[in-house]
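*Asks:* Fit chain H to the known structure of chain A by using the hints.
In order, the protein sequences belong to chains A and H.
Each residue of the first sequence is one higher than the one before, starting from 1 at the first, in our numbering.
Each residue of the second sequence is one higher than the one before, starting from 1001 at the first, in our numbering.
Worth flagging that the hints you see were computed from the coordinates, not collected in a lab.
Keep in mind that the hints are not guaranteed to be accurate.
If we take Cβ atoms under 8 Å as the criterion, some of the chain H residues that face chain A in the derived model are [said to hold, decoys possible]:
| hint | residue |
| --- | --- |
| 1 | T1206 |
| 2 | H1242 |
| 3 | N1414 |
| 4 | V1417 |
Computed list of lysine to any residue pairs in SDA-like fashion (alpha-carbon distance at most 20 Å, straight line) [as the list claims (entries may be wrong)]:
| hint | chain 1 | residue 1 | chain 2 | residue 2 |
| --- | --- | --- | --- | --- |
| 5 | A | K66 | H | R1485 |
| 6 | A | K66 | H | T1186 |
| 7 | A | K65 | H | K1273 |
| 8 | A | K66 | H | M1180 |
| 9 | A | K66 | H | F1107 |
| 10 | H | K1273 | H | M1017 |
Label pairs and their in silico Cβ distance ranges [stated by the list, open to error]:
| hint | chain 1 | residue 1 | chain 2 | residue 2 | range |
| --- | --- | --- | --- | --- | --- |
| 11 | A | K10 | H | L1123 | 48 to 58 Å |
| 12 | H | L1481 | A | L61 | 53 to 63 Å |
| 13 | H | L1123 | A | L68 | 35 to 45 Å |
| 14 | A | V72 | H | T1302 | 31 to 41 Å |
| 15 | A | K66 | H | I1213 | 20 to 30 Å |
| 16 | H | H1178 | A | T47 | 49 to 59 Å |
| 17 | H | L1123 | A | I40 | 36 to 46 Å |
| 18 | H | N1064 | A | S74 | 58 to 68 Å |
| 19 | H | V1045 | A | I82 | 38 to 48 Å |
| 20 | H | G1184 | A | F20 | 44 to 54 Å |
| 21 | A | T47 | H | T1302 | 29 to 39 Å |
The beta carbon of each residue, even a glycine, is placed where N, CA and C say it ideally should be.
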Amino acid sequence: MSEHHITPLKTYLAVAGTLFFLTAVTVWVSYFDFGSFNIIIAMGVATMKASIVALFFMHLLWDDKKNLTMFVMSLMFLGIFITVTLLDTGFRGGVNSEVEYPINNRATFYDSLPLTDTHGHPVDEHSADQHGEDEDHH
Amino acid sequence: MAENQKQNYLTHPKGIMSWLLTLDHKRIGLMYLFGGIIFFFLGGVLALGMRLELAAPGNDFVSNDTYNNMYTLHGAIMIFLFIIPAIPGALGNILLPLMLGAKDVAFPRLNLASFYIYTIGALFVMYTIISGGVDTGWTFYTPYSTTSTSNVIPMTMGIFVIGFSSILTGLNFIATIHKMRIPGLTWYKLPLFVWALYGTSLVQITATPVIAITMVLLILERLLGIGIFDPALGGDPVLYQHFFWFYSHPAVYIMILPAFGIISEIIPVHSRKKVWGYKFIAFSTLSIAFIGFLVWGHHMFTSGQSVFSQIVFSFITYFVGIPTGVKIFSWMLTMYKGQVSFTPPMLYALSFLFLFTIGGLTGIFLGAVALDIHLHDTYFVVAHFHYVMQGGTIIAFLGGLHHWWPKSMGTMYNQTVASICCLGVFLGFNGTFFPQFLLGLRGMPRRYATYDQQFAELHNYSSFWSGILGLSIFISIMNLLWSLRKNNKLDPGTNPWGGMTLEWTHTTSPPHPHNFEEEPVLEHGPYDYDKVIVEPTFKK
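The following block holds chain A by itself, in its conformation from the complex (with noise of 0.2 Å):
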């Protein structure tokens, strides 16, 4: 911490280099469809891309682990926030089946899209009728 560092030129083009290559990646990937994992590829590019940028650009690499502590820790809370969050969003439905998942498929944001059961396979509307879970549906 005493003593200043000074991060050598090519350091920062190298990482810059990097940035722009994992940009391309992300462009890339977009034009493949891999289904749920399509949100998990994204973040997990861009995830690397700011901890590069924490890492490098802001010398939380070389600063009192104080800081890097801290920065994690805000990271951890994030993680708390979504991770118990998707407790209820992937769980809803355990004891009341109708509760499970009626919003998304009823939105009108949704009704350009063919009708999907829970696990987004497609299903034709007599059958949904038979469950008696479509009554809402228009």
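*Replies:* Then chain H, alone, in the frame of chain A:
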């Protein structure tokens, strides 16, 4: 030396600009106190107005719409403009550097900036009130808050802005506690109020950004219809509640942890006894701050969240009871065989123990899913959080104000009047809120301007005692202010309670503009009543 002793931060330097542009943490603390008391008064008047309306069934004084505005503003003002900023902003600012032996906080300019940010946020709230109010309840739940025609945007903007004031104060305090302690003042020699402020500050800087995000999303949803919370656009209204309570549950600990700190100071000093379980109290503060982040879903048991997360949240909620119990028992053991004197601050601390314990235990009721589904949105919840927030935080705040008043203002209030007011607050408080537990158990819903005849007797009783409560608080504040009259100054060396922390032993009352004439040398721990004798001194 004599000339130097006459100099104190209240009179030196002089002039209005020296206050408005001050970098002195004590003056900034007093400005926070002044702002906080104004909003406390405003919120209190709204509360008494509601109790007046509820004294009898039917719409006697105000319309339903006005009533909706009143409870929303009462909640929002009390929480965002009084309780959250008041203790860290006022007492924390005045005391933290004094307790550390420092000249000021780590970033004095940032400290002044955070006060002005708070003022700007308060102006937004005032604008909301003047332009017709807001009727969503202080929680701004969607979908009502995205469709209500009242002034949701200025109010939420105000809260957004005030959040930054909280973050900056928290950041400042953390830096101050890490970097500004005098040599020898190690972590385990810190006064417990400092530990409490440290825990509070950690929560402030980690949780407050989330309320800022939530308010921005709400404003964007209203203005642009971006569809985060609106199911018609693929959003999820329950997500709003996750966002809101991810901040607002930890915010409950932003409100109560400083109060714990105050009680941890008052009890050993007025019992003349070393605090029992110092490390237990210190670490229970940090564990409450951490567990507080994992329990937000217990506000949402009837929101339609999954049964699985209800069980998880209910289970984790019980863990909060452990560190809280550790504190209560430590305080009681501190008093055990101590030389307890029933001074006004101690009376407030004792009231706190009773009221907070009731508030905490009824929280355990509400943490149980099955019971909460029955009690949710009834007066049981209203009574519970008032026992915690008013019976806990505000009582501790009043206690702290009475404890450090001679230190910060250099005058002593009339102690008999203060003690009688404390009794009035205690009785008035229980008279107001205990009947509300019964009302809630019988099914009286919260936020209604009128009710069935069967609830009339308990409501009437509650309204009557709320008058006593309001009057007692008003007189106790007036009693403090009355002590500021001329020719009522204490001797600068006064230590009326015999406190052992640096602010009592090493500086004058009121303190020198630079806190200490020379850097204090630590001679003993904060509560070494078993090793050193510090006699209370009280002279005019």
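*Asks:* Now, for every hint given, state plainly whether the structure supports it.
*Replies:* Right, here's what the structure says about each hint:
Annotation: interface hint on T1206 of chain H holds; nearest CB of chain A at approximately 5 Å, less than 8 Å. The interface hint given for H1242 of chain H holds, since its Cβ lies 5 Å from the closest Cβ of chain A, which is under the 8 Å cut-off. Hint on N1414 of chain H is violated. Least Cβ distance to chain A is approximately 47 Å, over the 8 Å limit. Annotation: V1417 of chain H was flagged as interfacial toward chain A, and the flag is violated, the nearest CB pair being 46 Å apart, outside 8 Å.
In summary, the hint linking K66 of chain A to R1485 of chain H is not supported, as the alpha carbons are separated by about 49 Å, beyond the 20 Å threshold. The suggested pairing of K66 of chain A with T1186 of chain H holds, with an alpha-carbon distance near 18 Å, which does not exceed 20 Å. A C-alpha spacing of about 39 Å is found between K65 of chain A and K1273 of chain H, which places the hinted pair above 20 Å, so the restraint is violated. Distance hint between K66 of chain A and M1180 of chain H is fulfilled; the C-alpha atoms sit about 17 Å from each other, no more than 20 Å.
A threshold of 20 Å between alpha carbons decides the hint, and for K66 of chain A with F1107 of chain H the separation of about 19 Å falls inside it, so the pair holds. With a CA separation close to 44 Å, the supplied pair K1273 of chain H and M1017 of chain H exceeds the 20 Å bound. Look at K10 of chain A against L1123 of chain H: about 51 Å separates their beta carbons, and that is inside 48 to 58 Å. Roughly 55 Å separates the CB atoms of L1481 of chain H and L61 of chain A, a value that falls within the hinted 53 to 63 Å.
For L1123 of chain H and L68 of chain A, the hinted distance range of 35 to 45 Å is satisfied, since their beta carbons lie about 38 Å from each other. A C-beta distance of roughly 36 Å is found between V72 of chain A and T1302 of chain H, which places it inside the suggested range of 31 to 41 Å. Hint check: K66 of chain A to I1213 of chain H, Cβ distance near 25 Å, so the stated range 20 to 30 Å holds. Taking 49 to 59 Å as the suggested C-beta distance range, the pair H1178 of chain H and T47 of chain A does not conform, at roughly 29 Å.
The beta-carbon spacing between L1123 of chain H and I40 of chain A, approximately 44 Å, falls within the hinted interval of 36 to 46 Å. Taken as a hint, the range 58 to 68 Å is violated for the pair N1064 of chain H and S74 of chain A, whose Cβ atoms sit roughly 43 Å apart. Between V1045 of chain H and I82 of chain A the beta carbon distance is about 41 Å. The supplied range of 38 to 48 Å therefore holds. Separated by about 53 Å at the C-beta atoms, G1184 of chain H and F20 of chain A satisfy the suggested range of 44 to 54 Å.
Checked against the hint of 29 to 39 Å, the C-beta distance between T47 of chain A and T1302 of chain H comes to roughly 35 Å, which is consistent with it.
Hint violations for this structure: numbers 3, 4, 5, 7, 10, 16 and 18, all remaining hints satisfied.
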